[in-house]
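Below, each chain spelled out in residue letters.
Protein chains: 2
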Amino acid sequence: MSKGLPKRSEDYSLWYNELVKRADLAENSPVRGCMVIKPYGYSIWEKMQAQLDKMFKETGHVNAYFPLFIPKSYLSKEAKHVEGFAKECAVVTHYRLKNSEDGKSVIVDPEAKLEEELIVRPTSETVIWSTYKNWIQSYRDLPLLVNQWANVVRWEMRTRLFLRTTEFLWQEGHTAHATKEEAIAETVQMMNIYAQFAEEHMALPVVKGVKSENERFAGAEDTYCIEAMMQDGKALQAGTSHFLGQNFAKAFDVKFATKEGGLEYVWGTSWGASTRLMGALIMAHSDDNGLVLPPKLAPIQVVIIPIYKTDEESKNISEKANEIITKLRSKGISVKFDDRDTHKPGWKFAEYELKGVPVRIAMGPRDLENNSVEIARRDTLSKEIVNLEGVKIEEYISELLDIIQKAIFEKALNFKHEMTTEVDSWKEFESLLENKGGFLSAHWDGTNETEEKIKELTKATIRCIPIDRKTEAGKCILTGKPSEGRVLFARAY
Amino acid sequence: MSKGLPKRSEDYSLWYNELVKRADLAENSPVRGCMVIKPYGYSIWEKMQAQLDKMFKETGHVNAYFPLFIPKSYLSKEAKHVEGFAKECAVVTHYRLKNSEDGKSVIVDPEAKLEEELIVRPTSETVIWSTYKNWIQSYRDLPLLVNQWANVVRWEMRTRLFLRTTEFLWQEGHTAHATKEEAIAETVQMMNIYAQFAEEHMALPVVKGVKSENERFAGAEDTYCIEAMMQDGKALQAGTSHFLGQNFAKAFDVKFATKEGGLEYVWGTSWGASTRLMGALIMAHSDDNGLVLPPKLAPIQVVIIPIYKTDEESKNISEKANEIITKLRSKGISVKFDDRDTHKPGWKFAEYELKGVPVRIAMGPRDLENNSVEIARRDTLSKEIVNLEGVKIEEYISELLDIIQKAIFEKALNFKHEMTTEVDSWKEFESLLENKGGFLSAHWDGTNETEEKIKELTKATIRCIPIDRKTEAGKCILTGKPSEGRVLFARAY
Chain Z
904 MSKGLPKRSE DYSLWYNELV KRADLAENSP VRGCMVIKPY GYSIWEKMQA QLDKMFKETG
964 HVNAYFPLFI PKSYLSKEAK HVEGFAKECA VVTHYRLKNS EDGKSVIVDP EAKLEEELIV
1024 RPTSETVIWS TYKNWIQSYR DLPLLVNQWA NVVRWEMRTR LFLRTTEFLW QEGHTAHATK
1084 EEAIAETVQM MNIYAQFAEE HMALPVVKGV KSENERFAGA EDTYCIEAMM QDGKALQAGT
1144 SHFLGQNFAK AFDVKFATKE GGLEYVWGTS WGASTRLMGA LIMAHSDDNG LVLPPKLAPI
1204 QVVIIPIYKT DEESKNISEK ANEIITKLRS KGISVKFDDR DTHKPGWKFA EYELKGVPVR
1264 IAMGPRDLEN NSVEIARRDT LSKEIVNLEG VKIEEYISEL LDIIQKAIFE KALNFKHEMT
1324 TEVDSWKEFE SLLENKGGFL SAHWDGTNET EEKIKELTKA TIRCIPIDRK TEAGKCILTG
1384 KPSEGRVLFA RAY
Chain L
904 MSKGLPKRSE DYSLWYNELV KRADLAENSP VRGCMVIKPY GYSIWEKMQA QLDKMFKETG
964 HVNAYFPLFI PKSYLSKEAK HVEGFAKECA VVTHYRLKNS EDGKSVIVDP EAKLEEELIV
1024 RPTSETVIWS TYKNWIQSYR DLPLLVNQWA NVVRWEMRTR LFLRTTEFLW QEGHTAHATK
1084 EEAIAETVQM MNIYAQFAEE HMALPVVKGV KSENERFAGA EDTYCIEAMM QDGKALQAGT
1144 SHFLGQNFAK AFDVKFATKE GGLEYVWGTS WGASTRLMGA LIMAHSDDNG LVLPPKLAPI
1204 QVVIIPIYKT DEESKNISEK ANEIITKLRS KGISVKFDDR DTHKPGWKFA EYELKGVPVR
1264 IAMGPRDLEN NSVEIARRDT LSKEIVNLEG VKIEEYISEL LDIIQKAIFE KALNFKHEMT
1324 TEVDSWKEFE SLLENKGGFL SAHWDGTNET EEKIKELTKA TIRCIPIDRK TEAGKCILTG
1384 KPSEGRVLFA RAY
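Chains Z and L, in that order, give the protein sequences. To convert, note that position 311 of the first sequence is 1214 in the numbering used here; the numbers rise steadily by one, no gaps. To convert, note that position 232 of the second sequence is 1135 in the numbering used here; the numbers rise steadily by one, no gaps.
Read the hints as simulated data drawn from the structure, not as lab findings. In this text, all values refer to a predicted model and were calculated from it rather than measured experimentally. Don't take every hint at face value.
Any copy will do: because identical chains look the same in the list, a pair fits if it lies in one copy or spans two.
DSBU-like mimics (lysine-lysine), calculated; alpha carbons at most 35 Å apart, straight line [said to hold, decoys possible]: (1) Lys-1007 / Lys-1319; (2) Lys-1239 / Lys-1314; (3) Lys-1016 / Lys-983; (4) Lys-957 / Lys-1199.
Take the sequences, apply the hints, and build the full model.
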């Protein structure tokens, strides 16, 4: 029931937390910082996975699986990488429990100490590149285009369901190439795939860009990303694609024999998207009544709710509903018929609004008489009576789902435009961040120091240097020093 | 290349290890006991997953995700459970690394010690039942039919690729029910689903049965299982389904309000199958030339290899091959056209034999002239020239794939029959185990002591008490004490 869901305008953060729990998406687990992804939430994640996996395979990638554990020494082989991840690693030190002496509890057996501690993977570059060393000898072994669906662990002190959890699910692509150009092209391609997925499936408009040095992945030469805008004016990074240069190849000594007979280090990329996307999906579209799901990712696209008083009415409506269900399913539309007599129609309406089901069809005795149904849209909360005479219901609903998918995207796109402001004075910069939020497009002198100072003063970070920015001479918003173009600042999740 | 693959008859164990590596299925990782599942191996696992997932969903189950980590105290709540798993647990004790004082290496930060150690899940009953406590209040919340695809860790001292690894992938179903009868029916249903999957998709005949108390899952009242026979005469447990009684409900205080207004403990089941199935698939069907894959699980069902000398021949064959490919794909058959000019046809023949591709189509200039192709079966290594005049190649191949699927199953079924022997004397029992192996169907007095004694003497264990065994008075093979029916003994993986 959506009763009592907090309002976004009053407490956006509480609204989010409550929505995630009440819509049966996820909940906190007994293990600090880890979440339980509940069946309804997981079914949305499965749809995301299936689509991304398809897009990866269509571009020539294959899946594999690498170990959960990484020897401590491996993590250390790439200097920046270990610096970036060492502070948040779960460490396995023992491999056995035993009974305590009084027999009342179970303790860690001190004799079962590992010779070398193992890290639970925070990301898998090190273990994968140590494997690639054996897989790559010659240019004929390249490119190597591998993806992995896995869980990873980063020990976070402040966690929020989906957005930042100690354990999360993700995919991580790890590719190896013969040339720098090819590796960069792969990096850009994967950013584009993430953007396409976000826009076409999540109905989430994004900005494509490159990270500043400060925000770069630990061990990368360049990090490409997609950034989305949430309803509270904060940005959310929704996928990253890293050009690794030869850093990991050098750290793990991965060389290949070139066509010309030389021996060179391999060029690498890695790219990932995680259950964080669930957070983005929820925060971008939902409202005070609950979730709003784009039809392409909705586990249930249409719910049919019968309204009846007598058993005969129930029987007749069920017959008609089953006809409609058969037609809708023939078009690949997922339908649920909720004819439970334990709950009233009003309760069900609220429940499926909370769950974000895109289309609701209600049918009562009068609808039967008139050969009509009531069709309601979740995104706009609008409804209409549709006379079925001469109407192919499966075509009608199929088109409506397309319309809804587009409408949710358009709404988010307009919002993103509204929330993107070109700013040229520091005063306005600070004031906008405080009062409106959003993406602030501003000049920056290109130094780490200025970026850090701005973060310190305002909590805003450089989300990205947009791919499509135009060259434009200007002055840094903070220091007044010369700049070659605008970058996007925002407070972010 | 299959060149040099050891022969099964000479060293079955070496043959298996080499086959797994050379067919690009898996390899050992730098982390002791953990494996890397290579892309070709993983693509077979993906097909297994997809089919099992479909069967689970068709029987009303939904997927969810629970944490990787389990607080040590949770594991201890069910006495037999902790006894069964404590000795092989990876234990997380710290959550941070830091630079050593000399700055030359990275060490575990002693200040980042966890208050309570975390266990990397060896199985998830405890963390899931602690969650179910919040999900289940009333009979209306039941049954709860949840599955999880996940990685688990059991610290094994002696490991073998797929068969026994420290980390492995699996699915674990965890269901909760209002009555004992319903929970037992679920347990049996899932055993049947595993059996159906093994027989229809893996082409692997199995025996369905119940485990003896000794072999029961730690914390279960009853363990149902499917057991398969490998080519070396050893049995392999290919899936288990546990009736948990109210054990975990009691350990985690999970009660529900009954329809009648009472308050009762919930009844539970759990069931799992793992990447071990890959080991079973490989060992059951493959031969000295390499893998033999049943068509339903083969990532590539048909490979087309052109045989040509001139560019023009190559062009003409490619044209014809592409026609065939289009037709095969229209029937949902997965085809690979290997027209690489870097390898000779003979090399390719051996390569796809090693990889277990069920059907090979070879086409040379004479085939073009005669409108024919050469079609070879991997399972029988037989080949024939097929004139395509009036033949619908897609129908032909589709039927052939069905024939191959059945033939592989029949062969394994015959082998299983051959390898199942009723034994009534201890001498014969010992001799058969030593000289032939297989399932030995023998009387047993029903005591743990006798079972353990037999294991000690022969390394054979009771694989199961077959579901369909007939009541038959007899005398225990070892002690001569009375028995009510035969059980299946075997040495096992």
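So, going through the hints one by one against the coordinates:
| no. | hint | in the structure |
| --- | --- | --- |
| 1 | Lys-1007 / Lys-1319 | neither (59 Å within a copy, 47 Å between copies) |
| 2 | Lys-1239 / Lys-1314 | within (27 Å within a copy, 44 Å between copies) |
| 3 | Lys-1016 / Lys-983 | both (28 Å within a copy, 24 Å between copies) |
| 4 | Lys-957 / Lys-1199 | both (14 Å within a copy, 20 Å between copies) |
In the structure shown, a violation is registered for the earlier hint numbered 1 alone.
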